[in-house]
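Engineer: Residues per chain, in single letters:
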Amino acid sequence: MPDSPMMELAEPGTQPEYYFPPYVSTIARSPRMPLVLLPRTQMERSGPVFGQGLIGEHDNDLTVHHAGDPIGERILVHGRVLDQDGRPVRGALVEVWQANAAGRYRHKVDTYNAPLDPNFSGAGRTFTDEKGYYWFKTIKPGPYPWGNHHNAWRPSHIHFSLFGSGILSRLVTQMYFPGDPLQPLDPIFNSIPDAAARARLISNLDMDRSESNYMLAYKWDIVLRGHVDTPFGEGHQ
Amino acid sequence: MSNNSLRIPASSQTVGPYFRIGLGYLMNRNPVPSIVSAGMIEIRGRVLDRDGVPVPDAMLEFLSGGGARRLLDGNETESGIPEGFRRVATDDKGEFALTIARPAAETPSDAHFLVLVFARGLLRHLISRMYLGDEARNDNDAVFLRVPPDRRATLIARADEKQAGLYWWDVVLQGTNETVFFAW
Numbered sequence: 001m002p003d004s005p006m007m008e009l010a011e012p013g014t015q016p017e018y019y020f021p022p023y024v025s026t027i028a029r030s031p032r033m034p035l036v037l038l039p040r041t042q043m044e045r046s047g048p049v050f051g052q053g054l055i056g057e058h059d060n061d062l063t064v065h066h067a068g069d070p071i072g073e074r075i076l077v078h079g080r081v082l083d084q085d086g087r088p089v090r091g092a093l094v095e096v097w098q099a100n101a102a103g104r105y106r107h108k109v110d111t112y113n114a115p116l117d118p119n120f121s122g123a124g125r126t127f128t129d130e131k132g133y134y135w136f137k138t139i140k141p142g143p144y145p146w147g148n149h150h151n152a153w154r155p156s157h158i159h160f161s162l163f164g165s166g167i168l169s170r171l172v173t174q175m176y177f178p179g180d181p182l183q184p185l186d187p188i189f190n191s192i193p194d195a196a197a198r199a200r201l202i203s204n205l206d207m208d209r210s211e212s213n214y215m216l217a218y219k220w221d222i223v224l225r226g227h228v229d230t231p232f233g234e235g236h237q
Numbered sequence: 001m002s003n004n005s006l007r008i009p010a011s012s013q014t015v016g017p018y019f020r021i022g023l024g025y026l027m028n029r030n031p032v033p034s035i036v037s038a039g040m041i042e043i044r045g046r047v048l049d050r051d052g053v054p055v056p057d058a059m060l061e062f063l064s065g066g067g068a069r070r071l072l073d074g075n076e077t078e079s080g081i082p083e084g085f086r087r088v089a090t091d092d093k094g095e096f097a098l099t100i101a102r103p104a105a106e107t108p109s110d111a112h113f114l115v116l117v118f119a120r121g122l123l124r125h126l127i128s129r130m131y132l133g134d135e136a137r138n139d140n141d142a143v144f145l146r147v148p149p150d151r152r153a154t155l156i157a158r159a160d161e162k163q164a165g166l167y168w169w170d171v172v173l174q175g176t177n178e179t180v181f182f183a184w
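In order, the protein sequences belong to chains A and B.
Residues 1 to 237 (the numbering used here) are what the first sequence spells out, left to right.
Residues 1 to 184 (the numbering used here) are what the second sequence spells out, left to right.
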């Protein structure tokens, strides 16, 4: 018998391996020694709580931070953050960053010869509401080339960073768009072995939330690892 | 136990090289590392790859152990960032520096940090722990005992000989002296 219950591991195939040679940067940066199993401790169940002052009023609208409108397809990206039981994760910090419509990041190491947009920075953040709901208004990011292999192009994507309840629910990932022909060619997207798991990173076109003559909407629900703590007296389990 | 009713967590993807765009705001609000106030310690180190090459685009998140809610509650601080949580990125030399609350150690084994490591080339973040070299560790620490004895040193931060409250700890992603990482 083990001395204490061990932490659960991810469902096989649903998470990338650290060593994935088609994504060349993994080769010298992936651990090779055996990963050590963690027993369940209070430490791993706890996590940071961020004060409301961390987020400004317009931090989830990436289109209003400069004098003019950014170039590109204006879109709404929205959805719910859920735990493994399907319950809403309330107050989750959701952070995003992305390239502009031309596929260029506002970052010193991005040397792609595509224009920066003076009206687009590409960063956003928000807390989920009582229903675990979040939304961002932004511009659809363009695909862009990268140095992984000859003629390598990343599919359009938005980077997401999430804190749920407890540090083990921490997730950094990327949201993709439906119907992008670059997805089957992308080593980062295809580092996830399971096809259904890959598909869960692709948002859905949402005509119900699209606005006529204004913007399309994409819906993306995100399941975080773990189980939201049930308040005393609620009677769950 | 049946897992049928459980939803499968979303897959991880790399943080990539451009994470400062969206994640840097929280690093910038951290106190200046040279100012170490009461109850805080300073941690300095490097992130290295298989070849000992510094990794200039890694991000670390530290969480103080000990289970003290106060240290993890950002509503208690002006910045909104808990004193027991820090996010920091490596610079062009692969070096990082931060100040963070010393763990609320009721037992010696609480004197540690949980550390998450993100980088271009890491498709999932890594989870490690950092113990303070000048704190006695509990021989019954369930996590420490899980680590093969010859690898435990990779989890221990060295106390600076001259400056009190300063610790040195490198993260080695692969190869000789590879840091111990935990499965998740």
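In short, the hints are calculated from the structure, not lab data.
Take the hints with a grain of salt, since some may be wrong.
In silico SDA-like pairs for lysine to any residue, Cα to Cα no more than 20 angstroms straight-line [what the hints assert, rightly or not]:
# : chain 1 : residue 1 : chain 2 : residue 2
1 : A       : K108      : B       : R20
2 : A       : K108      : B       : L6
3 : A       : K108      : B       : R120
4 : A       : K108      : B       : N140
5 : A       : K108      : B       : I8
6 : A       : K108      : B       : E76
Among chain B residues calculated to face chain A with C-beta under 8 angstroms, some are [what the hints assert, rightly or not]:
#  : residue
7  : R7
8  : R20
9  : A142
10 : I156
Derived DEER-like restraints, expressed as beta-carbon distance ranges [as the list claims (entries may be wrong)]:
#  : chain 1 : residue 1 : chain 2 : residue 2 : range
11 : A       : P184      : B       : N177      : 17 to 23 angstroms
12 : A       : S212      : B       : R70       : 30 to 36 angstroms
13 : A       : D69       : B       : P148      : 46 to 52 angstroms
As the structure is a prediction and not an experimental result, all values here were calculated from the model.
Think of the CB as a built atom: it goes at the ideal place given N, C-alpha and C, for glycine as much as any other residue.
Engineer: Next step is simple, just say for each hint if it's right about the structure.
Structural biologist: Verification of the hints:
1. At roughly 10 angstroms between alpha-carbon atoms, K108 of chain A and R20 of chain B fall within 20 angstroms of each other, so this suggested pair holds.
2. Among the hinted pairs, K108 of chain A with L6 of chain B is inconsistent with the structure: their alpha-carbon atoms are about 42 angstroms apart, more than 20 angstroms.
3. Taking the CA atoms of K108 of chain A and R120 of chain B, the gap is near 15 angstroms; set against the 20 angstroms cutoff, the hint holds.
4. A threshold of 20 angstroms between alpha carbons decides the hint, and for K108 of chain A with N140 of chain B the separation of about 47 angstroms lies outside it, so the pair is violated.
5. About 36 angstroms separates the Cα atoms of K108 of chain A and I8 of chain B, which puts this hinted pair outside 20 angstroms; it is violated.
6. For the suggested pair K108 of chain A and E76 of chain B, the alpha carbons sit about 35 angstroms apart, so the restraint of at most 20 angstroms is broken.
7. Using the Cβ-Cβ criterion of 8 angstroms, the hint placing R7 of chain B at the interface with chain A is satisfied: the shortest such distance is roughly 5 angstroms.
8. Hint status for R20 of chain B: holds, given a least beta-carbon distance of 7 angstroms to chain A, under 8 angstroms.
9. A cut of 8 angstroms between beta carbons decides the hint on A142 of chain B: the least distance to chain A is about 5 angstroms, and the hint holds.
10. The interface hint given for I156 of chain B is broken, as the beta carbon of that residue sits about 15 angstroms from the closest beta carbon of chain A, more than 8 angstroms.
11. Roughly 39 angstroms separates the CB atoms of P184 of chain A and N177 of chain B, a value that falls outside the hinted 17 to 23 angstroms.
12. Hint check: S212 of chain A to R70 of chain B, Cβ distance near 50 angstroms, so the stated range 30 to 36 angstroms is violated.
13. A hinted range of 46 to 52 angstroms is violated for the C-beta pair D69 of chain A and P148 of chain B, which are about 57 angstroms apart.
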